[in-house]
Structure formats: C-alpha cells, structure tokens
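Enquirer: Top to bottom, those sequences are chains P and F.
In this text, residue positions in the first sequence follow the numbering used here: the first is 34, and each later residue adds one.
In this text, residue positions in the second sequence follow the numbering used here: the first is 1140, and each later residue adds one.
Derived by calculation from the structure, the hints in this document are not laboratory data.
Glycine is no exception: its CB is placed at the ideal position from the N, C-alpha and C atoms.
Among the hints, erroneous ones may be present.
Some chain P residues close to chain F (C-beta under 8 Å, calculated; not the full set) [to be verified]:
no., residue
1, Arg-39
2, Leu-71
3, Ser-77
4, Ile-110
5, Val-112
6, Arg-118
7, Leu-134
8, Pro-138
9, Ile-140
10, Leu-168
11, Tyr-235
From chain P, some residues computed to sit far from chain F (all C-beta separations above 12 Å) [as the list claims (entries may be wrong)]:
no., residue
12, Gln-57
13, Leu-111
14, His-170
15, Asp-195
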Amino acid sequence: MQKTIRWVTMAVIFVVALAPILPQFVWSFSHRWLFPALLPTEWSTEPWDYVLSPTSRVGEGFANSLSIAVVVSLLSILVGLPAARALALHQFRGKVVIEWLLMVPIIVPGIVATMGIHQVFIRLHLTDSFIGVCLVHLIPCIPYMVLVMSSVFANYGTELEDTARTLGAGPLAVFRFVTLPGIFSGLLVATMFTFLISWGQYITTVLIGGGTIITLPMVLFPFISGTNYSNAAAISLIFVAPAILVLILTSRQLGRESAVMGGFGKL
Amino acid sequence: MRWLSLMEKIRAPLMVFPAVALIVLLFFGGLVVGLGQSLGYFPAIDSFELTFRYYGEVLSDNTFFESLWQTFRLALLSTVMSSILAIAIALVLRNTFRGSRFFTFLFQLSIPIPHLVAAAGIVLLVSQSGIIARAAYAAGLIDAPRDFPVMVFDRAGTAIQLTYLWKEVPFIGIVVLAILQGIGPQYEEIARTLGANAWQRFRYVLLPLIMPGVLSTSIIVFAYVFASYEIPLLLGVRHPTTLPVLAFQSYQDPDLSLRPQAMAMSIILTLIAVVLLVAYKRLARYAVNT
C-alpha cells in the first residue's frame, strides 16, 4: 500500500513537473506543428535566430532583467541583513511593530502601493528609469530577505563571534570569517528569492519602467497572448535558464536546511 | 561608559532603520498617495476635494462585483487545492527511499520558474490544440480540437488554476517538508504506542505541527493570487476578468480621470484581502486547536 502510494506520487511528480517545460524545447525548434501531429512536421532554428537577433529585443531584455535583479538583490542584502539580525538577536522597544511593518508587503497586495509610487515617481522623474524600477522591485524583495534571514539568525549562536573578538578580530574580520560562513547557505536561499522575485516582475516594471526599461517578461508577454508559440517557447527557455541555474545552486540548502524554509512558518 | 550604553541602545534600531525606511517610504508612502487619490485628491488633474464619489461609482458597477467574485473564487480554489496537494506530497517525500532526493529536487523544479513561463507551458499543454488534446486524438478519444474541453479563456479559469497549482504546490510543499523533517518520527511513535491509528496520528500529531507553515504559506499564496495581474490577463476570459486586471486597465487608460476609480477599486481589493486573511488566520487557528 505505502509502496504503491510512493510509486504513484513519484510518477505524478515526474510527469507534472516536466510536462509544462519539456514541450517548450520542441516548440522552440518547430516551424510547422499543427494539430494533430505529435511532433513538428517541419523543424527549424528560426525561432532561435529571431530571439538572438537585435530586433526581438531579447538581449536587451535579458541584460536589463539581470542587472535589475542583481542590483535589487544586493540592495536587499545590504538593508535586509542587519534588520534580520537585529530582529532575531536583539531586544528593543518597538520590535513587534518593526517586525509587522517589514512583513506587511508580503501579505497586503502591493497594487495600491505600486500605483501610488508611480504618481510620486512621475514627480521625482524616477519613472522610465533603471533606479525607479529597482526601487519598486525592492518592495516585495526586502520583506522576503528579512523573513528568511531572521529565521536563519534565530538559529545562529553568537558565541563564535565573541570568541573571535576576544582573539582580536576586527568587525570586518568577524563578519568575513565567522558570521558569513555561518549564515551563508541561508543567505544563498534568501538571495535566490529576491533575485527570482525581481526577475519575474511584470506589471510593476511596465508601470514604473513606462516601456523605456524593457525586461524579459515584457518581451515574452505578447508572444504568449499571441499565437506565435515557437517564439514564446524560445524566449521562455531563455527566461527560465537563470532560474534553473539558481535552483541547482541552492536546492541542497532548500531541501536540507529546515531553518531556512521554516521561517515561513513564523509569519 | 554612558557612551557605550547609549551605543548599545541605538544599535538595533540603527540596524533596522534602512530596511524600515525603504518599506515605509515605498510601500506605505505609495499606499497613502493611493488612498488620497481614491478620495479625490489628485493634483495632476486639479482635483483637491475629498469625496467618496469614486467608491460609490465602483460599488454601483456590476462588473466590479462579478470580477470580485471571479478573483475570490480563483484565489480560494487555488489556495485550498495547493495546500491539500502540498501536504499529501510532503507526507510521501519526507521518508527517505531510493530516489527520494531526486524526486524532491524535481518537486522543487517549478519554484524558481517565472509565472509567465508556467503560463506558456500550461497553454501549450491544455489548449484545444495542445499536447494533451493531440494525445487524446492519437488515442482515439476525440476527433477534432473542438471536442476537447475548453480550458483556456474559459469562465472557470482552468488554465489559470493549473498554472497556480503548478507553481504553488511545491512552494507550500517544500515548507511543509522542511517542518516534517525537523520534527522527526518520535512524536508519531509515541502516538502509535498509545494506540493512535494513521489518521489520528496525522490529524492530532502532524497536522498541528505543520499547520503554522501551511497557514503562512497559504496566506502568501492567497494574497499573491488575489492580487496577481498577468496570469488572468493572459489565460482568462475578458469578462468577468479579475479585479487587479480591471484596476490596472483603468489605471493605464489614457483618460487620467479614470485613475481615482482605479485607486478606489484597488483600495477595496486590498481591504477585502486583508479582512479575508485575518479571518482565515483566526478560523484556521480555531479549527486546529479544537
């Protein structure tokens, strides 16, 4: 009985996990693939030629998406890491309020904030700008960084840091050689979250970027709503590549470190 | 000495300050501006009066309520189904068996994949000329694409829900799995020696332990689906569409005078989401503890 359940679950996971992704490889090489053919009747590299050409703007979108996601992740670490540490390891007045403030954007829909920020950014000339898009992406990213890292810091003992300090290590050396190795796997997962949240943003970028800052989802969108599935599939695969890379880098931490994902239980 | 204790006192507030400042300015600042605009304070079109007129206009429109129902239905169904499936799969995957690591990896596969890519994949699968329809034709189950059930652009939002399920089941599942692996088998063994059967061990031992994780992640999923824009726009019917689509469309209209209405609609959407989530949290706590 238990064995049957296990086998069925494994089969379902296998089929369901891959079914929406693998056919896109085939689609991206198809020129003619009409119903009811199970495989394309004419193969071609045309979708890839198109995607790699400057007219598709895929290259531009990729560069923008990547640089925005990297900047947003670095900024999230910069402001989120100290905040997470303070929330996990220090007691101070107003802590509950601060915790609540930082978690609200995860739960409360950001639609009003995005529209409101758009109005403010128009006046500050931050619309249509790289930095404006980065700022609006920070809204969902900072809370996730703080959420994951405060859970990591909560399971992190500071004794080693004290020992290092007694032995004469300066603040930078303590961080570099004691703190960072201690929190590294958690930080990797948290950074994966912020990177992917920024990487997948659509409507916020459309609104704040105003069509000047073109990102990958904006290039992909019209092909999915249209009927050019070959181009949609090729762009999808480019869009998904960094995500898969990130998963391979972090999957060990994701599965094994209960502290990292367990943070979600404390929300 | 006094200097040192002062430093100690302001250290933690200093550490949280940059994050809090950014969130307060961007999120709450945006919220306040949006609230003002929904109440008619909109300097760009020389409107400074404070009025509930726009709320009245939104609430007297039938389209709004149809969209609200559609939004709520989609969010509720995807959240409930994702949670149940996630718990079931996590219960299987928590055991170590041959291939369990590989299948746990496969299970996580969709977590980093963007929603748009998931949507594209689902369309290619379940549209009337999609892979599944072709397989059904090959198996002799249908004669033409029109015999295949409509799952994209349908009123029920099948493709939308499938996209969310594909994305969110692993997200909830991986959190539940992390908690289950942290618990270990001791509690269940004690329950077993006390004579609890499999259902009782799940209901009274495991469920209360994993519930906080299920609760938080399902709240995140509900909030996300309730407010998401591009998936219902891509895979759903035009009428009734979801509230975020409706709101963003009137917001992006070249006619700026529609913006206060769009804001009013978004404020109502936000309020409903918050009320639903608070109620859900209370209810789930109550249900688990009794």
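Enquirer: Looking back at the hints listed earlier, which ones does the structure fail to meet?
Expert: 3, 4, 12, 13 and 14
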